[in-house]
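Between the sequences and the hints, there should be enough to build the whole structure, so can you do that?
So the protein sequences, as listed, match chains A and B. The numbering of the first sequence is our numbering, which starts it at 734 and goes up by one. The numbering of the second sequence is our numbering, which starts it at 14 and goes up by one.
In short, the hints are calculated from the structure, not lab data. Quick reminder that beta carbons are idealized off the backbone N, C-alpha and C, glycines included. Be aware that a few hints might be false.
Claimed, not checked - Here's a subset of chain B near chain A, in silico, CB distances under 10 Å, partners left out:
1) Ser159
2) Leu161
3) Thr237
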Amino acid sequence: MLAYLFRRIVYTLPIMLGVALVCFSLVHIAPGDPLVSVLPADASAELQTQLRAVYGFDRPLPEQFARWTWRALHGDLGLSIATSRPVAAEVLRAVLNTLRLAVVGTAIGFVFGCLFGFVAGYFRNSWPDRLASMLSVLGVSVPHYWLGMVLVIVFSSQLMWLPATGAGPGGSDQWAWDWEHLQFMLLPALTMSVIPMGIIARTVRALVAELLDQEFIIGLRAKGLTHLGVFRHVVKNAAPTALAVMGLQLGYLLGGSILIETVFSWPGTGFLLNAAIFQRDLPLLQGTILVLALFFVLLNLLVDVLQTLLDPRIARS
Amino acid sequence: MAAILTPTAPDVQPLPAQRSRGYWSSVLLRLRRDPVAMAAAAVVLLLVVLAIAGPWIAPADPYASSMFKRLKPIGTPGLPLGSDELGRDLLSRLIVGTRLSLFMGITPVLCAFAIGAAIGIVAGYAGGLVNTAIMRTIDVFYAFPSVLLAIALSGTLGAGVVNSLISLTIVFIPQIARVAESVTTQVRGRDYVEAARASGAGAFTIVRVHVLGNVLGPIFVYATSLVAVSMILASGLSFLGLGVKPPEPEWGLMLNTLRTAIYTQPLVAALPGLMIFITSISFNLLSDGLRSAMDNKS
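And the structure:
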């Protein structure tokens, strides 16, 4: 198993390098000069070459990539063109906000997804199964940014129970786990939870349905085990896959939160990306995407490792 | 030659012709017996009709704005579904917008189907070093969450229809290529491919005659499952201001511009999103039905 884990980790390294290469290339596939938003319109040719040298754009591409990667490894993602602040610090603050939201969203999705999935798989082809299957199709089909808007319309604009946008009273971005702050998180987290809920419900239903047909379950039943006892065995066998799906979904939510964050003005990475795109702040865009993508790769690795530890059969296949 | 091969058999009455049903027609038959899939297919058909005939069906000009008719509620005389923030008839905009919205959602999947299937079949059939080189490159793109990659690419390339089609195509290519590679690798090991190779057929002929017919079906079904995702993503890009530009009617963009109206006309503001939802759920149900119709080996 150690050999398998080692191979899995080594295999991740070239992927991470590739991800870095894609992020690096973003600046160079962008139309126009990467300096276009810092250069004044009437900049002299002299100033242009000077700035080009300052940002390192005058060097050959492979050298630029090597330097950029080296600096990124040391936590230096360059300076934001719009604010001149270090990109790494901005991204770190935003990532924490997004992570909080995504973790809560995934947790809600996991709990309900497992619940629906188990009920559907256990009572196959009954009405709870059809209901749960319908909910999971709805979950994966709903445009989540629209669902967010609908929730705002219902709970903020009509019922006026919950705040519509922001991440804290008075627009503060100091987070605390109290009701004052949690009420801001409720709607976006609920919106986010819908996709993992649908996918986890689907996965768990298939897992449970397949497990119930297996001989060892029939054997357990034959020896007179109660429903609850059989249920325990099913949970144990379904858990590794369900947890793995949850881990991946957390990664997707982290990377895909931009739409939901835009709807709720949540001050996370999506908000940062939005600003970077519309101010053409390429270093900020590049840095945010690099951090999120690497996070996703590492999360994948972690999920695989945990799954192997929980279920050693994977390493042998 | 012919004389030798043609058996001079005595009068044998041929068995009554009973051709077995072809694979695809049996899939269609099973699909027709699935009420949910048929309902979804009907909705998709209706949307296609709207996309084609929209401009002739729409009761009013979708571009004509009027300052006096801004943000009217649903059911206003002359404005059955109300009006948007510029006083344009929402019903007409929703109908006419079907064409652009479907186009933005389906085109990337079609392009990615063509390119991704080609890449995957080449990788799967060639095997060895070529396979490794192609698939490891694909893995890098697969390592990005799809929403993030779409936004990274279209954010960098800039807003616009073509750029958002390009970014979504790039997002779906790795997913389709992976499926194509895995089914091609399976087919490649089959006896009939071996036999064709032994009888001297070239790689191109084998792929064309023996591989394509067996792999395109599964790849296509997978691609249909991406249409719903693509619809949501394409409208999402427009919702962010990265896709279609105003004043074109497109559901995502309409949803974005109507966001300001969620306090004054909440029902009207939610309508464009409902269209995206209906479209994506119909494609999802149709694709689910297609998959289970093809799965059934009986």
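Now the hints, each set against the structure:
no.	hint	result
1	Ser159	7 Å, holds
2	Leu161	3 Å, holds
3	Thr237	14 Å, violated
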